[in-house]
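Chemist: Each chain is listed here by its residues.
There are 2 protein chains.
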Amino acid sequence: MLQWLRHYKRAQLPGDISAGIVVAMMMVPQGMAYALVAGLPPVYGIYASILPPLVYAIFGTSMTQSVGPMAIVSLMTATALAPLAASGSGLYLVLAGQLAAMVGAVLLACGILRVGFLANFFSRPVMSGFTIGAALVIVSGQIRPLFGGDLAHIDATSTEIGLASVLALVLARFYLAPALSAMGMRKDWADMAAKLAPMGVVIIASAAVAVLGLHVQTTGAVPPGLPQLNLASSPAHWRSLLQPALLIAFIVFLTSMSAAQTLALKRREKLHTNSELIGLGAANVASALSGAFPVTGSMSRSAVNFSAGANTPLASVITAVLLAIALVVPNGALALLPLPTLAATIIVAVLGMLELDTLRQAWRYDRGDAMTLLACTGGVLLLGVEAGVIIGVALSMGMLIWRESRPHIAVLGRIAGTEHFRNIVRFPHVQTLPEVLVLRIDAGLFFGNVEAVSSRLADELQARPATRHLVLVFSAVNSIDTSALFGLLELNASLRQRGIGLHLAEVKGPVMDRLKESELPGRLNGKIFLSTVLACEELSERVAAN
Amino acid sequence: MLQWLRHYKRAQLPGDISAGIVVAMMMVPQGMAYALVAGLPPVYGIYASILPPLVYAIFGTSMTQSVGPMAIVSLMTATALAPLAASGSGLYLVLAGQLAAMVGAVLLACGILRVGFLANFFSRPVMSGFTIGAALVIVSGQIRPLFGGDLAHIDATSTEIGLASVLALVLARFYLAPALSAMGMRKDWADMAAKLAPMGVVIIASAAVAVLGLHVQTTGAVPPGLPQLNLASSPAHWRSLLQPALLIAFIVFLTSMSAAQTLALKRREKLHTNSELIGLGAANVASALSGAFPVTGSMSRSAVNFSAGANTPLASVITAVLLAIALVVPNGALALLPLPTLAATIIVAVLGMLELDTLRQAWRYDRGDAMTLLACTGGVLLLGVEAGVIIGVALSMGMLIWRESRPHIAVLGRIAGTEHFRNIVRFPHVQTLPEVLVLRIDAGLFFGNVEAVSSRLADELQARPATRHLVLVFSAVNSIDTSALFGLLELNASLRQRGIGLHLAEVKGPVMDRLKESELPGRLNGKIFLSTVLACEELSERVAAN
Numbered sequence: 001m002l003q004w005l006r007h008y009k010r011a012q013l014p015g016d017i018s019a020g021i022v023v024a025m026m027m028v029p030q031g032m033a034y035a036l037v038a039g040l041p042p043v044y045g046i047y048a049s050i051l052p053p054l055v056y057a058i059f060g061t062s063m064t065q066s067v068g069p070m071a072i073v074s075l076m077t078a079t080a081l082a083p084l085a086a087s088g089s090g091l092y093l094v095l096a097g098q099l100a101a102m103v104g105a106v107l108l109a110c111g112i113l114r115v116g117f118l119a120n121f122f123s124r125p126v127m128s129g130f131t132i133g134a135a136l137v138i139v140s141g142q143i144r145p146l147f148g149g150d151l152a153h154i155d156a157t158s159t160e161i162g163l164a165s166v167l168a169l170v171l172a173r174f175y176l177a178p179a180l181s182a183m184g185m186r187k188d189w190a191d192m193a194a195k196l197a198p199m200g201v202v203i204i205a206s207a208a209v210a211v212l213g214l215h216v217q218t219t220g221a222v223p224p225g226l227p228q229l230n231l232a233s234s235p236a237h238w239r240s241l242l243q244p245a246l247l248i249a250f251i252v253f254l255t256s257m258s259a260a261q262t263l264a265l266k267r268r269e270k271l272h273t274n275s276e277l278i279g280l281g282a283a284n285v286a287s288a289l290s291g292a293f294p295v296t297g298s299m300s301r302s303a304v305n306f307s308a309g310a311n312t313p314l315a316s317v318i319t320a321v322l323l324a325i326a327l328v329v330p331n332g333a334l335a336l337l338p339l340p341t342l343a344a345t346i347i348v349a350v351l352g353m354l355e356l357d358t359l360r361q362a363w364r365y366d367r368g369d370a371m372t373l374l375a376c377t378g379g380v381l382l383l384g385v386e387a388g389v390i391i392g393v394a395l396s397m398g399m400l401i402w403r404e405s406r407p408h409i410a411v412l413g414r415i416a417g418t419e420h421f422r423n424i425v426r427f428p429h430v431q432t433l434p435e436v437l438v439l440r441i442d443a444g445l446f447f448g449n450v451e452a453v454s455s456r457l458a459d460e461l462q463a464r465p466a467t468r469h470l471v472l473v474f475s476a477v478n479s480i481d482t483s484a485l486f487g488l489l490e491l492n493a494s495l496r497q498r499g500i501g502l503h504l505a506e507v508k509g510p511v512m513d514r515l516k517e518s519e520l521p522g523r524l525n526g527k528i529f530l531s532t533v534l535a536c537e538e539l540s541e542r543v544a545a546n
Numbered sequence: 001m002l003q004w005l006r007h008y009k010r011a012q013l014p015g016d017i018s019a020g021i022v023v024a025m026m027m028v029p030q031g032m033a034y035a036l037v038a039g040l041p042p043v044y045g046i047y048a049s050i051l052p053p054l055v056y057a058i059f060g061t062s063m064t065q066s067v068g069p070m071a072i073v074s075l076m077t078a079t080a081l082a083p084l085a086a087s088g089s090g091l092y093l094v095l096a097g098q099l100a101a102m103v104g105a106v107l108l109a110c111g112i113l114r115v116g117f118l119a120n121f122f123s124r125p126v127m128s129g130f131t132i133g134a135a136l137v138i139v140s141g142q143i144r145p146l147f148g149g150d151l152a153h154i155d156a157t158s159t160e161i162g163l164a165s166v167l168a169l170v171l172a173r174f175y176l177a178p179a180l181s182a183m184g185m186r187k188d189w190a191d192m193a194a195k196l197a198p199m200g201v202v203i204i205a206s207a208a209v210a211v212l213g214l215h216v217q218t219t220g221a222v223p224p225g226l227p228q229l230n231l232a233s234s235p236a237h238w239r240s241l242l243q244p245a246l247l248i249a250f251i252v253f254l255t256s257m258s259a260a261q262t263l264a265l266k267r268r269e270k271l272h273t274n275s276e277l278i279g280l281g282a283a284n285v286a287s288a289l290s291g292a293f294p295v296t297g298s299m300s301r302s303a304v305n306f307s308a309g310a311n312t313p314l315a316s317v318i319t320a321v322l323l324a325i326a327l328v329v330p331n332g333a334l335a336l337l338p339l340p341t342l343a344a345t346i347i348v349a350v351l352g353m354l355e356l357d358t359l360r361q362a363w364r365y366d367r368g369d370a371m372t373l374l375a376c377t378g379g380v381l382l383l384g385v386e387a388g389v390i391i392g393v394a395l396s397m398g399m400l401i402w403r404e405s406r407p408h409i410a411v412l413g414r415i416a417g418t419e420h421f422r423n424i425v426r427f428p429h430v431q432t433l434p435e436v437l438v439l440r441i442d443a444g445l446f447f448g449n450v451e452a453v454s455s456r457l458a459d460e461l462q463a464r465p466a467t468r469h470l471v472l473v474f475s476a477v478n479s480i481d482t483s484a485l486f487g488l489l490e491l492n493a494s495l496r497q498r499g500i501g502l503h504l505a506e507v508k509g510p511v512m513d514r515l516k517e518s519e520l521p522g523r524l525n526g527k528i529f530l531s532t533v534l535a536c537e538e539l540s541e542r543v544a545a546n
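Chains as they are written, first to last, in the working numbering: chain U, 1 to 546; chain F, 1 to 546.
For the record, the hints were derived by calculation from the structure and aren't laboratory data.
All C-beta atoms, glycine included, are put in the ideal place defined by N, C-alpha and C.
A couple of the hints might just be wrong.
As the list claims (entries may be wrong) - On the chain F side, residues computed to face chain U include the following (Cβ under 7 Å):
#1 Ser123
#2 Pro125
#3 Arg364
#4 Met397
#5 Ser405
#6 Asp442
#7 Ala476
To be verified - Here are a few chain F residues that sit away from chain U, every Cβ distance over 10 Å (derived from the structure):
#8 Ser18
#9 Ser140
#10 Thr159
#11 Val166
#12 Arg173
#13 Ile203
#14 Gly213
#15 Ser234
#16 Pro235
#17 Ile325
#18 Ala335
#19 Leu356
#20 Leu381
#21 Gly417
#22 Val430
#23 Gln431
Said to hold, decoys possible - 27 Å max Cα-Cα, derived DSS-like pairs, lysine-lysine:
#24 Lys9/U x Lys266/U
#25 Lys508/F x Lys508/U
#26 Lys266/U x Lys527/F
#27 Lys527/U x Lys508/U
#28 Lys508/F x Lys527/F
#29 Lys527/F x Lys516/F
#30 Lys266/F x Lys9/F
#31 Lys527/U x Lys266/F
#32 Lys527/U x Lys516/U
Could you build the full structure based on these sequences and the hints that come with them?
Modeler: What follows is the structure in structure tokens.
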């Protein structure tokens, strides 16, 4: 907490200042746009960008994380509030703040209870599929503001401004940085300038609307100062917001952690998962206190912060101060932003979230993961973004269990004249004894594969009726959970009944330490051998002696 | 399908006949009692014990499985139907049959889609906790029939019969078999006789009620023949039954598979998970066609079937025929069973499900699993048996992710003069180089631990700022999923930026085969070495040359 301030070095200041300015200029159009996605007046996006990063600077651990509004979290906010109040109504604004308070409370509770590991319930392909689905939902929601009406009744002026903005943003996205570089600008400066294109487009569009006197919906007058948190609403509302708050908190943590993790690796920093939860929770409570809506750390914004030179959270503090000034001083200018241009910034920003590269690589590496990604996208599109989170968790877990339920098990034989044992399928000339069956299990044993392993062992024993001794080689068994322990005890009991010895070999240190606490070593109808070769030599002697 | 019939041997007949008779005598009181638990007239328990085992004999794969009513599934049936109709009403009976049809359809669909692996979502401790909770719920539901009224208004006659039955059953359970053995009966016959005690108690109680003319509620007159399936009910009812049907199907499959698995191991048989699903699905459809309620394979009854000598499903066919005869011939006798005695048989049977041994062993072996068990019991007691299933899945998955999110990672050093590498914590005298960091990851890499591994690697690198080469030893990495692949690509990119080489060593064959399909080998900022010693020798030369 504020450790960075105690060790602050003067050399860090220029980077923090430049990053603070760049992110503030990025934040104005982005924050306003994402407030629109959340169904709130655009200025609420600025409200959500002042206190939250300040509070995160105090409680968070990532040095370069930029906390504020973010597309998916805004979409989930809109989804949560839509059934409860009309978008933009007084009740809607009140409930948005309450939702942020609840999200903050959930995150704080998770941080205090140290359950940060829960973020691991989402696999990358599922996260990617979820993001793609959410991006498509957000884009479809911006069609109406872009055209100033639905597709059957488009408004000509809005459409012109909107499409011109999209064109300008797309050109800037792909060609501005190379063009500036070609003109001799330093590459990192050129990249930075390209990131500020949305701000430029917004300024040009606002100026054009004002100068030409175009008739188009704009953001509208902004009252000075921050709105206040209003906690008075019916218990039914609080109850309805509980599940969305849990799901949003999950997504907030997930997106924020993956951003922070990537940056920490680049900066050789250490992240504390549970402190991050507390930082994000406090930021959301701060957003609630500003009367705004749920916020999170964003990958794209944090990356800009990082590459603009941010060394410490002072960059975020500077961003927050600049935005606070913008809210008070050139207040009138904020009222003139044309909504079609904001819609254009959302669409272009969100299309950047359609990273199909994950799908491409997953398709090549693991078809099942690629199908899971597509299923999650489909779930978001067909059943909604909240159902999408639940589907995502279910699919991640389903894939995990499916994969783990088919562990690799090899029947081993000895390479003649050596102490090495190999899979008889890959090495057909290895030596085996009909009375001694040696199996290597290439997976940790846990509830998800204990039935599969038992059933596979039963098959192997059925195929080799002469077996008198079964040796399980545990060299690749990293852990044995309680379910698997019971599975081994039952296997042992049934083999004893059938007069077959059960032996273990090459049990790893930590696994053996745990097994010693159990009843297995005492009940085992056989021995625990240090190595496979010792097991086979002793057992073949015993068989020969009979 | 009916393979057992083609290969039937005459020597198998005596065993099948004796098992068929024993199970039929066990089934009469048990079936009637579990029908009561399901909120149905007792005779429905007999209805549910005729067609389902016959159909299972055709479609199932387990040779000794006994399919019929079972306590937990009956409890879940009652829970599902309670909000929709008054217990025992006409609608209730109709909906019970429909629920069985839906459970059957779900199981058949799972069997056809080959998703039997889904049974692996429940860990043993969670299953045990769930069973204990359900048993307590069932016992509490039998207090009223046992005393013939609630505890403030107990009926003296009912209470006397009920408590006498409990006493007789408990004595029989613990002392009958030893007493008969002591009197010279063969041990297995004595055990069998003890299993038939409920039938004896029921007969004695019925006779006492009839002879002494006691006033107590009895099962009542039984119409001859089977009721019919009635599929006409409102769509709203079908919808309300969908979630319970899914949960019941899950529990049916779980309990049935664990019974079948245990018996198959004992009998050297092969089980086919997906065929089992089809057998159980067909049995539930058959139960629906009998106008009865959901059924499953029961561990306790199947064990009796097995130890009474059952060799093939012919035993179940004999049981079914005997029960069908009982339904037609001594029909009047079935009407005289006193309900307090049936309640007593439920209570004593279900108390046998309170196997605290799992809790004891889990407590010793893995405190976390023991706490999970207790949490699942608490969930069932506080939130109900349906919520209990969901809580059970969530807890199983939560424990899995929690455990996997903290993989064991060892920093390795070389034992001087050898090619062996060991954990520097356990072997403080091993040799290390400040520029070459060698880490062994003792876990498969997947979405659940990729963040933890990245963060651990970042910590180790931060603690050793001289590191120029990072060698990851993959000897214990059994698999790498897509999330982990992306994690490795990101690690590689950030290490490249920092000028640190990333090398892999001892990658397993199947893992390497998969990695070759990915972009990692091409992008790797380092080499893939066959062994740790080769990696260290080459890298230390490179470091020395610099």
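Chemist: Does each hint hold? Answer for all of them.
Modeler: Hint check results:
no.	hint	in the structure
1	Ser123	4 Å, holds
2	Pro125	5 Å, holds
3	Arg364	6 Å, holds
4	Met397	5 Å, holds
5	Ser405	4 Å, holds
6	Asp442	5 Å, holds
7	Ala476	6 Å, holds
8	Ser18	20 Å, holds
9	Ser140	28 Å, holds
10	Thr159	40 Å, holds
11	Val166	30 Å, holds
12	Arg173	22 Å, holds
13	Ile203	34 Å, holds
14	Gly213	51 Å, holds
15	Ser234	25 Å, holds
16	Pro235	20 Å, holds
17	Ile325	35 Å, holds
18	Ala335	42 Å, holds
19	Leu356	14 Å, holds
20	Leu381	21 Å, holds
21	Gly417	20 Å, holds
22	Val430	15 Å, holds
23	Gln431	21 Å, holds
24	Lys9/U x Lys266/U	20 Å, holds
25	Lys508/F x Lys508/U	17 Å, holds
26	Lys266/U x Lys527/F	21 Å, holds
27	Lys527/U x Lys508/U	15 Å, holds
28	Lys508/F x Lys527/F	15 Å, holds
29	Lys527/F x Lys516/F	13 Å, holds
30	Lys266/F x Lys9/F	20 Å, holds
31	Lys527/U x Lys266/F	21 Å, holds
32	Lys527/U x Lys516/U	13 Å, holds
Violated hints for the displayed structure: none, as all numbered hints are satisfied.
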